[in-house]
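Dock chain S against chain W, hints included.
For reference, the chains in residue letters:
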Amino acid sequence: ETGVTQTPRHLVMGMTNKKSLKCEQHLGHNAMYWYKQSAKKPLELMFVYNFKEQTENNSVPSRFSPECPNSSHLFLHLHTLQPEDSALYLCASSPPRGAGDTQYFGPGTRLTVL
Amino acid sequence: TQLLEQSPQFLSIQEGENLTVYCNSSSVFSSLQWYRQEPGEGPVLLVTVVTGGEVKKLKRLTFQFGDARKDSSLHITAAQPGDTGLYLCAGAKNNAGNMLTFGGGTRLMVKP
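In the order they appear, the protein sequences are chains W and S. Read in the working numbering, the first sequence has 185 at position 34, and its numbers run on one by one without any break. Read in the working numbering, the second sequence has 490 at position 95, and its numbers run on one by one without any break.
Among the clues, some could well be false.
Claimed, not checked - Simulated DEER-style distance windows between Cβ atoms:
| no. | chain 1 | residue 1 | chain 2 | residue 2 | range |
| --- | --- | --- | --- | --- | --- |
| 1 | S | R455 | W | V163 | 37 to 45 angstroms |
| 2 | W | G179 | S | T446 | 43 to 51 angstroms |
| 3 | S | K506 | W | N221 | 44 to 52 angstroms |
| 4 | W | T206 | S | V445 | 34 to 42 angstroms |
| 5 | S | T472 | W | G165 | 24 to 32 angstroms |
| 6 | W | E195 | S | P434 | 48 to 56 angstroms |
| 7 | S | Q409 | W | P247 | 43 to 51 angstroms |
| 8 | W | T263 | S | S407 | 26 to 34 angstroms |
| 9 | W | N168 | S | G411 | 20 to 28 angstroms |
| 10 | W | F202 | S | Y417 | 31 to 39 angstroms |
| 11 | W | R214 | S | G411 | 42 to 50 angstroms |
As the list claims (entries may be wrong) - Covered stretches of chain S (chain W as the covering partner; in silico rule of three or more C-beta atoms under 8 angstroms from a C-beta of chain W):
| no. | stretch |
| --- | --- |
| 12 | 412 to 422 |
| 13 | 496 to 505 |
As the list claims (entries may be wrong) - Here are some of the chain W residues that sit facing chain S, going by a computed Cβ distance under 10 angstroms:
| no. | residue |
| --- | --- |
| 14 | T153 |
| 15 | L196 |
| 16 | K203 |
| 17 | E204 |
| 18 | E207 |
| 19 | F256 |
| 20 | G259 |
| 21 | R261 |
| 22 | V264 |
FYI, nobody ran anything at the bench for these hints, they're computed from the structure. Just so it is clear, the structure is predicted and the values come from calculations on it, not from any experiment. Where a beta carbon is used, it is the ideal one built from N, C-alpha and C, also for glycine.
Chain W extracted, bound-state conformation (with noise of 0.2 angstroms):
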């Protein structure tokens, strides 16, 4: 149990499909990271939110979009996707910067696309 937990664990959609992952940590941390990680790839960082605001967009399709309502809690919101999005979703949260740089991760969303 490493404080950030991700719902749902599973998850099959279609392509046409309207579907959100929820991440939420326990830690007081104020960064909050989305990362796809897939068979054939290292982790792939999505997104990344500091104090509510994304910081970073790591060129991702508009199909994955993220929210972050506050520093507690993260949706990845996910419409239209294809095929090749299939892959574990990985939510992460860590300290401000400077607190040890470690990142705190969930047990990620299995996201299969039919």
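For chain S alone, coordinates are given in the frame of chain W:
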């Protein structure tokens, strides 16, 4: 092109053997972390090294940060099946805010 190169990518060994995983870069990092990820779970932090030349031990695991802070190694002594997993190194830079650069990972399987 990977900023952090991990080797080997895959390693399958017998219980009781020793192994070393390497994490190399041409860039200097302010700190470097090692994570282990088990199937169906997120990466879990094992250790953070900060000082060039630093050596940290975690039971049978020994982590070393290179003198120039460009590379790191993870040595496991007498590997156990419970060590099986994906080992990831990740580097932090002073000019990169709070972002980490991850290596491609080393997938380790320890057979009983």
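- Message: The hint says 34 to 42 angstroms between T206 of chain W and V445 of chain S; measuring C-beta to C-beta, is that right?
- Response: Given a distance of about 23 angstroms, which is not inside 34 to 42 angstroms, the answer is violated.
- Task: Grab the minimum C-beta distance from F256 of chain W to chain S and call the hint holds if it beats 10 angstroms, violated otherwise.
- Result: 3 angstroms, holds
- Taking the closest Cβ pair, is R261 of chain W under 10 angstroms from chain S? 7 angstroms, holds
- Query: Is it true that R214 of chain W and G411 of chain S lie within 42 to 50 angstroms of each other by Cβ?
  - Reply: 48 angstroms, holds
- Within 43 to 51 angstroms or not, the Cβ separation of Q409 of chain S and P247 of chain W? 44 angstroms, holds
- Query: Minimum Cβ distance from E207 of chain W to chain S below 10 angstroms?
  - Reply: 7 angstroms, holds
- Pairwise beta carbon distance, R455 of chain S to V163 of chain W, judged against the given window 37 to 45 angstroms: For R455 of chain S and V163 of chain W the Cβ distance comes to about 39 angstroms; the hint holds.
- Regarding the hint that K203 of chain W lies at the interface with chain S, is the smallest CB-CB distance below 10 angstroms? 14 angstroms, violated
- Message: Please verify the coverage claim for the stretch 412 to 422 of chain S: does it have three or more residues whose C-beta sits within 8 angstroms of some C-beta in chain W?
- Response: violated (count 0)
- Using 10 angstroms as the Cβ threshold, decide whether V264 of chain W counts as touching chain S. 18 angstroms, violated
- Task: For the hint on G259 of chain W, just tell me whether its beta-carbon gets within less than 10 angstroms of chain S.
- Result: It holds, given that the least Cβ distance between G259 of chain W and chain S is near 5 angstroms, below 10 angstroms.
- Item | Per-residue hint verdict: L196 of chain W, partner chain S, C-beta under 10 angstroms | With a closest approach of 7 angstroms, the L196 of chain W hint holds.
In summary, the structure is inconsistent with hints 2, 4, 5, 6, 9, 12, 16, 17, 22 from the numbered list given earlier, while agreeing with the others.
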